[in-house]
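Peer 1: Each chain is listed here by its residues.
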Amino acid sequence: MITSISARVERREQVTPVHVLLRVHAPEIAADAQPGQFVHLRASEAYDPLLRRPFSVMRTEAATGALDLLIQVVGRGSRLVADAVTGATFDLLGPLGVGFPLPPPGTPVSLVAGGVGVAPLIFLAEALSSAASPYEITGLFGARTAEFLCCWTEFAGRCTRFTAVTEDGSTGQQGLVTDFLAQHLAAQASRRVLPTVYACGPLPMLAAVAHLCSEHEVTAFVSLERWMGCGVGACLGCVVPSARAEGPRYVRVCKDGPVFLAGDLDWQAMPE
Amino acid sequence: MSVDLSVNLGGLLLANPVMVASGTFGYGTEYADLVDLSSLGALVTKAVTLESREGNPPPRICETPAGMLNAIGLQNPGLEAFVADKLPTLAAPGVPVIVNVAGASLEEYVAVAERLSAHASVAALELNISCPNVAEGGMHYGVCPQSTRDLVAAVRSVSRLPLIVKLSPNVTAIQPIAQAAVEAGADVLSVTNTLLGMAIDVERQCPVLANVTGGLSGPAIRPVAVRLVWEVFRAVRVPIIGLGGIMTARDALEFILAGATAVAVGTASFVNPRTVGEVLCGLRAYCEESGVTRLADLVGAAHPS
Ligand SMILES: Cc1cc2nc3c(=O)[nH]c(=O)nc-3n(C[C@H](O)[C@H](O)[C@H](O)COP(=O)(O)OP(=O)(O)OC[C@H]3O[C@@H](n4cnc5c(N)ncnc54)[C@H](O)[C@@H]3O)c2cc1C
Ligand SMILES: Cc1cc2nc3c(=O)[nH]c(=O)nc-3n(C[C@H](O)[C@H](O)[C@H](O)COP(=O)(O)O)c2cc1C
Ligand code: FES
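In the order they appear, the protein sequences are chains A and B. First residue of the first sequence? That's 0 in numbering that gives the first Met the number 0, and the numbers climb one at a time after it. First residue of the second sequence? That's 0 in numbering that gives the first Met the number 0, and the numbers climb one at a time after it.
Only chain A is shown next, with the shape it has when bound in the complex (with noise of 0.2 Å):
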């Protein structure tokens, strides 16, 4: 069930000059939210900017009500959000959308994040690494510069095997995410049971998470970004193109989505 509610910030945490973790009180949607879901905020009660913002679930505790947002700065909206101080409140829209759907046990998973999409990670490597037969997790995080390698403690913690890797080497290894998930995804080929690939990140980056597993005949799922009116459905104005060939030519990232089987979208038509 959707809920809006007005959520007070109980913590706020500068993690980089660039990334502020916030943890807001917002039980009924931390009761709900699964991995890859997401709320949708109001930043400002101003009519500008007038629209909400949508931020991932990066961690519900259920027995405190507390949720926990991982907030890059990159405008207005997300300025707004990550200078909310201890006691501010926002309004709340959520759950939403269509999270990561989990494996069949015993599957091994490969978590490929990019930048800021390591917060729904998180979230589904703690699901992943706490369910009843635990996973093999193996965890790749990707971004410019160790700077933007944003809590990625947190998400190694959970991963059976980790690799960090910036564009200029400044931390782990050098090049990009999706290099090393070509090499993973090689050496993974003669296994009995192929891995399943679990993504979110900037748009290129998940072009090629698609188009390698594609290649490597493995199941991938992608988290995708777009601009958002409603965030429930209603609009259509967050929509990109499906591959499908039953079902609308474009699908809501805010209720199909955000999260979809790499194979469903058609990457060629990708707005970028």
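It should be emphasised that the hints constitute simulated quantities derived from the structure, not laboratory data. Watch out, some of these pointers could steer you wrong.
[To be verified] Covered stretches of chain B, as calculated for chain A (at least 3 residues, CB under 8 Å): (1) 49 to 61; (2) 67 to 81; (3) 267 to 275.
Virtual Cβ for every residue (Gly too), placed ideally from N, Cα, C.
Fit chain B with the ligands to the supplied structure of chain A, relying on the hints for placement.
Peer 2: Frame of chain A, contents of chain B with the ligands only:
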């Protein structure tokens, strides 16, 4: 003190005057967790066309100062799928369903209107002759009195439902078009649809929307919409549905005082899904505080008598 909030829209009776605007409330179900659907004055659907339409390629929306641009492009499943899949779940008991109708030709409008008129759960039709976002979205009908007259008359001849005509703000003079629609048989006028606009991404040096232009909505357009309602009220004697940037009860009152019998909440539902309910409460409170027993008495009250 009890306040009578009911209104009569050309034969269509609403328990209260606060409706939701076409294209901003999906098919109702999307907001079922958040809004008491039975409290809506009426529910207006996304535009329905004869065949399914895939809509425009993305990006389809973009935020602007106190507003947004959209170029959805009339994405909808088409008439038959609408009737089979959407219509049955649309209606909350007692809440009239108004279907927004669009088409690329006069024949298409007539076909859709005729089929919907046979359906008991459709309370009224709203002809969208004002969509700015598709080459054949009807706006060319809504910017010329003669083509407005022809289209409305053709639909009138196949439907006995209350007929609402939704006017375009993208005209030099709205009064001749409003008069043409009424003379051809419109029972109610909706004022207004979105204002044609565009935004350019200065980094990439290209339009933000794939469709290049889009329709501007939200509080930024309210003064324009209020002015249009004012002008239409002076030109015709049928009820008006006022919309464009309503965020609060006071905004809705501006429209009512300018001449709107009912109001519709659009973009505001994205910002705050509770807006419809808050506007209704605020209207009631305003009437109580100012000793008004029938909201209908306020319609057009700002005009010199
Ligand atoms: C489902 C979902 C989950 C998300 N989760 C997170 C998260 O956990 N943490 C986080 O920091 N961010 C997340 N985002 C992205 C976040 O919503 C945007 O960064 C934010 O809305 C930007 O608002 P702004 O006002 O700061 O930027 P604006 O001033 O609106 O824009 C700044 C720049 O970012 C671009 N931009 C803005 N919004 C988007 C968007 N939605 N997609 C692509 N480009 C955009 C603009 O073109 C511009 O260049 C998520 C987005 C979605 C759709
Ligand atoms: C995303 C979106 C989709 C819309 N779709 C339709 C539509 O299908 N038919 C129609 O007549 N108007 C449509 N409109 C226009 C609204 O019904 C309304 O006239 C306009 O947005 C002004 O009101 P507002 O400022 O309160 O949103 C749409 C508006 C938006 C924002
Ligand atoms: S944001 Fe409105 S449909 Fe997705």
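Peer 1: Starting from the hint list further up, note which numbers the structure goes against and sort them upward.
Peer 2: none
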